[in-house]
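Student: For reference, the chains in residue letters:
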Amino acid sequence: MTDTGLPASVAALRRVREDPHRLGHRPHDGREPVRGIGMGTTGPAHKRIIVGYGFWIFLLSDIVMFSCFFAAFAVQRDATAGGPKMADIVDLQRVAIETAALLLSSYTCMLSFAATNVRNLLLTQVFLFLTGLLGLVFVLLEAWEFIDLANRGITPQRSGMLTAFFGLVGLHGVHVTAGGLWLATMMAQVQVKGFRRHIVHRLICFNLFWHALDIVWIGIFTVVYLIGSLS
Amino acid sequence: MLGKLGLSAIPWSQPIPLITSLAVMLILLGVLVLITVKGWWPYLWREWITSVDHKRIGVMYCLLGVVMLIRGFADAIMMRSQQALAIGGPGYLPPEHYDQVFSAHGTIMILFGAMPLVLGLMNFVVPLQLGVRDVAFPTFNSVGFWLTASAALLVNVSLFVGEFARTGWLPYPPLSETAYSPGVGVDYYLWAVQISGIGTLITGINIVTTVLKMRCHGMSYLRMPVFCWTALASCLLIVATFPILTATLAMLTLDRYVGWHYFTNTAGGNPMMFVNLVWAWGHPEVYILVLPAFGVFSEIFPTFSGKPLFGYRSMVVATLFICIVSMTVWLHHFFTMGAGAAVNTFFGISSSIIAVGTGVKIYNWIFTMYGGRVRFEVPMLWSMGFIFTFIIGGLTGVLLAVPPADFLTHNSMFLVAHFHNVIIGAVVFAIFAALEYWFPKAFGFRLDGRWGTAAFWFAFVGFWVTFAPLYILGLAGMTRRLQHINFPEWAPWLYVSAAGVVILILGVISQVLELVLSIRRRDQLRDTTGDPWDGRSLEWSTPSPPPFFNFAVMPNVEGEEAYWGIKLRAIETQQLSPEPNYQPIEMPLDSPVGFYTAFFSFVFGFAMIWYIWWLAIVALVAAFAGFVVFAWRDEHEFEVSVDEVARADRARREAREAILARLARQEAAP
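Which chain is which? The protein sequence lines are F and B, in order.
For the first sequence, the working numbering begins at 1 and goes up steadily by one.
For the second sequence, the working numbering begins at 1 and goes up steadily by one.
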C-alpha cells in the first residue's frame with residue numbers, strides 16, 4: 001500500500017477521502033501477497049509463472065477435449081450394432097503392462113525434472129530418455145492391441161461403440177506420440193543449449209503435459225477397460 | 001496426384017460465383033501489384049506480417065473481421081433478395097447454390113467476421129487497460145491471428161475451387177455425413193473451422209493468462225476496467241468450450257474420411273450426440289461474442305456520461321454469472337429433440353435466468369447515464385441504439401426459452417429474427433461503437449463523426465425494417481432457409497424486409513465513406529492529446545498511437561478508473577507527476593513463425609479437403625520443422641534503450657502539459 005510511513009489516522013482519513021465506500025481497496029485476506037506471482041496488486045508475475053500458468057490453461061482445454069470423447073464413449077457404449085461388446089475386446093493383462101509403463105514414465109519424468117532443478121545435465125538426459133523409452137513401450141503395446149483387434153475384424157467401422165473406443169484410446173495414443181516427439185526435441189535442445197531460462201520453462205511445460213496424459217489414462221483405464229471388462 | 005481436384009472443381013456453369021471470384025481475384029491482384037510497385041513489401045513484412053505487437057495484431061484482426069463482415073453481408077443481400085423474388089417462382093438462385101449461401105453467411109459472420117473483430121478488440125485494448133506492455137505470449141498471439149486469417153482464406157477459396165457446405169452453419173449429421181453430402185463443401189467447413197478454432201484457443205489462453213497474471217502494480221481484480229472483466233469471462237469460455245468444437249468436428253471428420261460411426265444413422269451412430277456436443281460449444285460461443293460487447297458499452301457509457309460506471313461490482317458479478325450459466329443452457333436450441341419435460345424445464349429455466357444477469361447490466365448502463373453529462377458522440381449513439389434493440393431481442397429470447405412456445409417457433413423466421421436481433425443489436429453495434437471509440441488510439445486521428453452518425457441511423461432503421469417483418473413471418477409459420485416461397489400472403493413482409501437491406505447497404509456505404517474521408521482529412525482530425533474522449537482507463541494515458549512498448553514506465557494504479565484518478569490529480573495540482581527514472585525495456589523480437597505456420601496450415605487444410613495426401617504430409621512435416629527451427633533461436637527479446645524510452649515519454653509529457661495549460665486557460669476565462 002502507498003500509506004506506509006504515515007500515522008494511521010492520516011492514512012485512514014486519506015483512504016476515506018479516496019474511496020468513501022472502501023470499494024476495491026480491501027487487501028486479500030489482510031495480508032500482502034507474495035510479489036512475482038501476479039496476485040492482488042503486486043504487479044506482473046515472473047516469466048516462469050506466466051509460462052507455467054498459460055500451459056496449465058492449455059492443459060485444461062485439452063482435458064475438456066478428452067471429456068467430449070469420454071462422453072461419446074459413455075453414450076455409445078452399448079451401440080454395438082450386433083458386433084463385439086467391450087468385454088470381448090479387453091485384454092486386461094496387456095493393459096496392465098501398458099498402465100505400468102505409463103505410470104512409471106511419469107515417475108522418471110518427475111526424476112528428470114528433479115535433476116533439472118539441480119542443473120544436472122547427465123541425469124536429466126538419462127531420465128528423459130527413460131521417460132521416452134517407457135512412452136514408446138506404451139505406444140507400441142497400444143498399436144499391438146489395435147492391430148490385434150483389426151486382425152479379428154474388430155475395427156472402428158464396425159459399430160458406434162468401437163468408433164468411440166478407438167477414438168478415445170487413439171486420441172490418447174496420438175497425444176503420447178506427440179509428447180514423444182516433443183521429448184526428443186527437448187533432449188536435443190538441453191544437450192546443445194544447456195539449462196537456459198527458456199529451455200527450463202519448456203521442460204516445466206513438458207512435465208505438466210506428460211503428467212496430464214497420465215491422469216487422462218487413469219480415466220481411460222477405469223472407464224474403458226476396467227468397467228468395460230465387467231460388462 | 002491431385003486427389004479429387006480437377007478442372008471440374010471450378011464452377012464454370014454458375015455465373016454468380018464465377019464472376020464474383022474473378023472480380024475478387026482481380027482486386028487482390030491489383031492490391032498486390034500496387035504494393036509491389038510502391039515497394040511496400042519490406043515495410044509490410046517488417047511492421048505487420050512478422051509483428052508480435054498486440055496492437056498491430058489487434059488491428060489486423062479487426063481488418064480481417066471487417067472484410068469478412070462485408071463478405072457475409074453480400075450473402076445476406078442474396079438471401080433477402082432471393083426470398084423476395086422467389087414467391088411462387090424459382091427466383092435467381094438454384095437450391096444447391098442458395099444452400100451454400102446461407103451456410104457460408106452464418107459461418108463467415110460468426111466465425112470469420114464477429115470473432116476476429118472481438119478477438120482483435122481484446123488484443124488491442126486489454127494490455128493497454130491493464131497497464132502492461134504486451135500479452136503473455138506475443139509470438140503465439142501472432143500464430144493465432146495468422147491461423148484465423150488462413151482459415152478465412154480457405155473458406156473464400158471454396159467460392160472458386162469446389163463448393164461450400166450446404167448444411168447450414170452447423171453441419172448437422174446425418175445430412176453432413178458422406179452418404180448425403182459427398183462433395184467437398186462440408187470438408188471446406190471442417191478444416192477451415194478447425195484451423196481458426198486453434199487460432200481462437202491460442203488467443204483465449206493468452207488473454208486469460210494476461211489478465212490473471214500480468215496486471216500492472218496496484219491493478220487488483222476489482223480495479224480492472226469492466227472490458228477486461230468481460231474479456232476474461234469471454235476467454236474463459238473460449239478455453240472451456242472451443243475444445244468441444246474441436247472434438248466434435250474431429251469426430252465428424254473421422255466419420256467422413258474413414259467411415260467411423262460417431263454420428264451416422266447406421267451401425268450405432270448417434271446424430272443427436274452431434275447436436276448436443278456442438279451446441280455445448282455453440283451457446284457459450286454466443287456469450288464469447290456478446291460479453292466483450294457488454295464490456296465495450298461499459299467503457300463507453302461512463303466516458304460519454306462523465307460519470308463512473310454505476311454498480312461496478314454488480315457488473316462484475318453479472319458478467320461472471322452469465323459466463324457460468326451460459327454453459328448450462330445449450331439444450332434450448334433443440335427442445336424439440338424430445339428429451340422430456342424435466343430436462344426441457346431445466347434448460348428453459350436456466351435460459352430465462354440468464355436474462356437476470358443481462359437485466360442487471362442494462363439497468364447499470366441506464367443509471368450510468370442518469371444525472372451524467374451525456375455527449376451524443378457516435379460511439380454513444382451505437383450504445384443507446386443497442387439498449388433499445390437488445391432489450392427487444394432479449395425479450396423474444398425469453399419467449400423462445402419457454403419450451404411449449406418454442407415448439408411453435410422452432411426453426412422459424414421468428415428464431416432468425418431473434419438471434420439477429422441480439423447478435424446485430426449487441427455484437428455488431430458494439431463493434432462499430434468500439435471501432436469509432438478506439439480508432440484514434442490505434443491510428444492517431446479521429447473518425448469524422450458526420451458519416452458515422454449517418455451510418456448509425458441507416459443501420460438502426462435498416463435493422464428494424466429488415467428484421468421486424470421476420471418476426472411476423474415466423475409467427476405466421478414461415479420456416480427458415482426457404483429457397484422459394486409458396487404463400488403469396490407472405491409477400492408484403494418479404495418485400496419490406498428486402499427494402500430494409502437497401503437501407504443497411506446505405507449504412508455500409510456511409511461507414512466506408514466515413515473511413516475513407518477521415519483518412520483523407522487525417523491532418524485536421526489528428527489527436528495530439530492521446531485522450532480524445534476524456535477517458536477514464538489507462539489506454540488514454542498513452543499517446544495516440546501508443547509506442548510499441550505502450551508505457552515508458554509501468555503505471556502504478558491506486559484506485560478504480562486508474563487514469564481518471566491520475567488525470568484529476570494532475571488538474572488539481574496543475575502539474576504532472578515528477579519525471580520518472582527511465583529504465584531500458586525488454587521487448588519480444590518479431591517473428592515470421594506465425595505466418596509460416598499459417599501458410600502450411602492452409603496448405604494442409606487444402607490438401608485434406610481434396611484428398612491430396614502427399615501434400616498434407618509435406619505440409620505437416622514443414623510446419624513441425626518450422627516450430628523446431630523457431631524454438632532453436634537464442635534471442636527472444638531485445639532491449640529498448642533508455643534514450644528512446646525517455647524521448648517517447650517526454651513527448652507524451654509535453655502533450656499532457658499542453659492539455660493542462662489549455663484547461664487552466666479555460667477555467668480562468670469568464
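If you are wondering where the hints come from, they were derived from the structure by calculation, not from laboratory data.
Worth double-checking, as some hints may not be accurate.
Said to hold, decoys possible - One side of the interface only, derived from the structure: several residues of chain B facing chain F at Cβ under 7 Å: (1) A136; (2) A247; (3) N265; (4) L620; (5) V629; (6) F630.
Stated by the list, open to error - Simulated restraints on C-beta separations: (7) F:L208 x B:A664: 52 to 58 Å; (8) F:H46 x B:V516: 32 to 38 Å; (9) B:Q524 x F:A188: 56 to 62 Å; (10) F:R197 x B:N556: 25 to 31 Å; (11) B:V516 x F:K47: 40 to 46 Å; (12) F:V126 x B:A342: 53 to 59 Å.
No residue lacks a Cβ here, since even glycine has one placed at the ideal position from N, Cα and C.
Student: Against this structure, judge whether each hint is valid.
Tutor: Right, here's what the structure says about each hint:
no., hint, in the structure
1, A136, "holds, 5 Å"
2, A247, "holds, 4 Å"
3, N265, "violated, 11 Å"
4, L620, "violated, 11 Å"
5, V629, "violated, 11 Å"
6, F630, "violated, 11 Å"
7, F:L208 x B:A664: 52 to 58 Å, "holds, 56 Å"
8, F:H46 x B:V516: 32 to 38 Å, "violated, 47 Å"
9, B:Q524 x F:A188: 56 to 62 Å, "holds, 58 Å"
10, F:R197 x B:N556: 25 to 31 Å, "holds, 27 Å"
11, B:V516 x F:K47: 40 to 46 Å, "holds, 43 Å"
12, F:V126 x B:A342: 53 to 59 Å, "holds, 58 Å"
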